[in-house]
Amino acid sequence: MERLRRDFSTITLVMIPVAIAINIAIGQLIYTLKVPLYLDSIGTIFVAAVAGPLAGMLTGALTNLVWGLSGINSFYTAFWITGAVIGLVAGLFSRFGWFKVWWRAIIAGVITGLIAALISAPILTYVNGGVTGSGTDVITAVFRNAGLGILPSAFAQGVSSDPLDKAISFFIVWGVIRALPLRFLDRFSRAEDIR
Amino acid sequence: MTAGGQRTTDDRGAATGAALAPMPIVVANVSFTYPSGTQALRGVSLRVAPGEAVAIVGENGAGKTTLVKHLNGLLKPSEGSVVVGDWDTREHTVAKMAARVGYVFQNPDDQIVERTVGDEVAFGPRRLGQPEAERQANVAAALATVGLTDAAATHPYDLTTPQRKLVTLASVLAMRTPIVIFDEPTMGQDAGGVALIGGIVESLKAEGRTVLTITHDIDFCAAHFGRAIVMAAGQALADGPAAEVLTRADVLATTNVEPPQLVRLAQALRLARAPLTVEGFVAEIVGRGQ
Amino acid sequence: MIRLGDVTYFYPRATTPALAGVTLEIPTGQFCAVIGANGAGKSTLCYTLAGFVPHFYRGKLSGGVEVAGVDVPASSLAQLAGHVGLVFANPFNQITGARFSVREEIAFGLENMGVPLEEMATRVEDILGFAGLRDLAERSPFALSGGQQQRLAIASVLVMRPPVIVLDEPTSQLDPIGSREVFAVLRDLAATDAATVVLAEQKLEWVAVFADRVIVLHEGRIVADGLPGDVLASADLAQYGLQPTRYTQAARAAQAAGFRADRDDLPVTLEEAVEFFR
Amino acid sequence: MSTSFSLYIPRESGMHRLHPLTKLALVAFCLVLGLFLPGVWLTYLAFMLLIVPLAAWAGVLPSFLRAVFKTALPVVISVFLVQGLFWPGGTPILHLGPLSLKQEGLQFAIRSAGRFITVVSSFLLLTFTTRPDGLMLALSQRGFPNSIAYIMLATMQIVPRFQTKANTILDAQRSRGLETEGNLLVRLRALLPLVQPLLLGSIIDIEERAIALEVRAFGRPGPKTSLLVLHDTPAQRVLRWLLLLAMLAVIGWRLYLAIAPRLAA
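Protein chains in written order, with our numbering: chain A, 1 to 195; chain B, 1 to 290; chain C, 1 to 278; chain D, 1 to 265.
Simulated from the structure, these hints should not be mistaken for lab results.
A virtual CB, placed ideally from N, CA and C, is assigned to each residue, including glycine.
Among the clues, some could well be false.
What the hints assert, rightly or not - Some, not all, of what chain A presents toward chain C, calculated at C-beta under 8 Å:
1. K34
2. A179
3. L185
4. D186
To be verified - Using C-beta positions, here's what the derived DEER-type ranges look like:
5. T8(C) with V186(D): 50 to 60 Å
6. V186(D) with S160(A): 16 to 26 Å
7. V186(D) with P122(A): 36 to 46 Å
8. D186(A) with T8(C): 38 to 48 Å
9. P221(D) with N73(A): 50 to 60 Å
10. P261(D) with A146(A): 24 to 34 Å
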């Protein structure tokens with residue numbers, strides 16, 4: 001429990017809104033660059049890696065809730081569970097040193113992406129009718145046409161984008177952690193796990 | 001960091017030939033409206049000759065940054081045109097313009113990427129494709145100019161904010177561009193830092209480069225810049241020799257820009273002439289036989 | 001009353017001390033300015049008085065730090081809140097974001113201390129007037145200019161009525177207009193003598209206006225300590241990486257040219273310069 | 001009033017004056033209706049007979065409907081196209097060249113669209129009518145952790161700053177020769193030099209914002225008071241409990257419908 005209390009110092013608390021704001025800012029930067037990715041959980045993964053699974057989970061969940069409740073895209077609100085799971089899984093990978101080597105970070109990203117697709121599929125099916133309203137729905141149509149059910153097609157659509165998106169996100173966070181000054185890492189309870 | 005900044009003479013040869021070709025800037029009747037609808041520039045026309053040192057002053061929101069962002073193509077004019085040398089900024093990406101126009105941003109934390117000061121200073125040169133040997137010479141010279149040679153292996157975020165500002169300044173100097181733009185270079189610097197940056201401006205002028213700066217530090221402007229442009233409401237209200245423009249209380253008053261300290265003193269003492277330098281002021285006082 | 005006894009401090013991983021053997025006493029109600037080059041230790045001194053050195057920045061601190069009767073290194077940051085107020089350079093980072101209007105942002109500190117509603121409302125009202133923020137009271141803190149945000153940060157700390165207020169270069173990120181707004185509040189603060197104020201500042205022209213005393217820091221040591229008129233006009237400022245105002249420079253240069261060489265009180269501000277040269 | 005990252009519109013309507021928890025209960029009820037009402041058409045009824053009138057009562061109907069339309073349209077179109085035209089098997093109603101609109105697909109699309117619109121409009125109803133800080137205060141007064149309330153509110157207000165920061169970083173790096181226009185590889189290579197400063201640069205912000213919070217006694221234990229005062233009425237308390245019961249009833253009804261056939265079989 002003591003480690004849990006240390007995880008939630010003021011600096012971790014303050015870091016979460018900054019991480020969420022960065023999630024949203026990067027999401028829009030990617031949009032302006034017209035790169036076919038989301039990359040909207042880099043802040044979540046960064047918090048999970050530096051401040052632990054619980055802080056990561058909270059960041060992921062609240063990213064979707066704030067982005068959704070702000071009304072800019074309330075589509076995201078229902079997916080707060082996915083955000084929480086991404087933060088939790090990233091935090092666990094970090095705890096077992098998967099951010100220390102670049103290719104392990106990428107593998108962790110792929111696995112997290114698969115889990116995210118697995119969690120999102122039922123929500124997408126139940127709330128959105130199995131579609132996202134974006135380009136990836138073409139993939140859903142292909143699988144539907146091939147006879148797959150609504151849920152499997154939603155999952156297939158997720159698997160076609162999430163693992164790659166999360167692999168790149170994990171790789172970027174690995175790069176950023178390597179670039180952090182030691183004095184900043186000292187400030188965090190999980191520093192020894194990641195460098 | 002000693003005042004005045006040391007300038008190593010041996011790097012003069014290292015400057016790439018093309019970089020130093022004379023390159024005027026022609027701003028022809030430029031107007032600009034942001035997507036949000038606010039018009040930031042209203043028909044601005046000016047020409048900056050190669051080697052000129054120009055300071056742009058004015059209140060926040062007067063259009064200073066908007067104007068300067070047109071010079072390296074970050075913003076394209078809604079009307080009118082901006083030509084740097086023989087390049088119209090509309091026909092080149094910002095990254096291409098960066099070979100001609102260096103731009104030192106106000107906040108260093110909005111661009112630092114690398115893990116050591118040396119790599120950060122090499123960021124621009126590497127993007128411009130400078131050959132290895134030349135890049136290392138330029139980086140070394142730039143670090144020497146800002147007095148951070150022994151910090152080359154340090155992490156930028158282990159330095160103080162004012163020092164990080166010198167790192168981003170060095171990263172633009174190392175690009176050896178014929179034109180260099182500074183955005184509030186002296187903000188947050190101490191007296192030594194201001195003197196160092198002043199020395200850098202002087203050395204750029206000595207190399208025949210064009211130097212432009214946005215600044216609120218009117219004394220810094222008076223000390224190092226021959227020409228001053230006063231912006232207000234998207235227009236160039238005044239544009240002329242600093243010694244003249246910075247002493248026109250009427251112009252400065254309308255734009256909430258405080259005149260330099262010595263000008264304020266000269267006006268309070270009702271001196272005939274408002275000198276910009278200490279020596280000029282003393283000559284004026286002693287001359288009057290007070 | 002502030003009392004520092006032979007304070008030395010090393011940041012984590014640092015080999016040279018940020019503060020080296022600093023001994024200092026600041027009587028209650030005094031407005032003490034701290035000047036020095038970047039890296040001389042001004043910020044470290046401010047953070048030491050407010051307890052963020054060592055509680056937040058860790059590192060090795062030795063020597064005694066007592067502020068208004070409280071042993072700072074022995075107290076927690078939560079205990080020091082409301083006892084030592086701190087304002088620093090970046091206005092945006094001092095707005096918590098937890099409140100949606102200037103009035104409520106100011107009250108945030110009192111809310112955390114559980115101050116009853118009626119008392120909180122009147123104290124906030126007084127501070128709004130003092131800081132000149134009354135007509136901005138209902139506006140969002142993020143819709144303000146740099147100068148207004150910095151005055152909000154000062155008001156948010158003043159309302160907690162700390163016996164000591166520490167300001168670490170509050171105008172270094174502001175334009176001249178914003179700086180003037182903040183200095184107006186500082187001048188009023190100096191006049192009230194309600195709190196002991198420690199101000200780290202680079203703009204010497206302003207320091208001369210409201211400081212009772214000026215301390216010069218150089219490489220973590222106090223190298224000068226005296227009245228503003230003497231310290232700010234002294235010839236050895238340059239060796240500490242400081243530059244006197246152009247009024248002082250002009251007066252010294254004029255004396256070198258034989259103009260009123262007998263006077264020893266060189267001017268620091270515009271008013272003093274006008275009087276010197278008349 | 002607030003330039004924060006939210007669509008809240010201040011109004012002097014009865015709905016706005018409701019206690020935040022009442023509004024939360026109302027919105028939760030609409031959400032439950034959207035998620036659990038059986039059949040194809042009931043969610044549309046819930047939207048028309050409950051959500052739209054509430055938005056009208058709050059005086060935000062025009063911009064509310066625009067927001068619902070903007071958010072829901074892409075998904076609704078896509079669900080009709082994808083599920084309607086690519087439904088494996090089923091009874092075709094309409095032939096469009098190689099594809100055919102299936103009756104089952106159409107029915108699923110209508111049901112999904114109704115559910116999605118109701119869910120999205122429930123969230124938007126909360127956003128348009130409820131001041132975020134009032135909602136967080138109401139929750140904090142009932143034991144909701146203060147730290148989470150801080151995170152929600154602080155995030156909403158600092159997002160615009162980081163959006164501007166991201167654009168400034170884009171300008172600064174392009175001005176140092178970073179090419180961001182060109183083929184996908186060029187743009188992908190531009191990612192790290194654009195994302196890294198955003199995270200690296202936030203270090204100082206995080207440290208300073210933590211210091212500012214400590215200075216304001218945020219870490220101090222003990223009871224906290226509030227300048228903002230919320231007005232609650234016994235009638236609203238009763239209404240909240242009724243809404244809770246209604247939600248359970250709807251969920252119970254749906255479970256019953258789902259389980260009953262199996263029990264009977």
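Against the structure, the hints:
no. : hint                             : verdict
1   : K34                              : violated (29 Å)
2   : A179                             : violated (17 Å)
3   : L185                             : violated (10 Å)
4   : D186                             : holds (6 Å)
5   : T8(C) with V186(D): 50 to 60 Å   : holds (52 Å)
6   : V186(D) with S160(A): 16 to 26 Å : holds (24 Å)
7   : V186(D) with P122(A): 36 to 46 Å : holds (38 Å)
8   : D186(A) with T8(C): 38 to 48 Å   : violated (20 Å)
9   : P221(D) with N73(A): 50 to 60 Å  : violated (38 Å)
10  : P261(D) with A146(A): 24 to 34 Å : holds (30 Å)
The earlier numbered hints that this structure contradicts are 1, 2, 3, 8 and 9.
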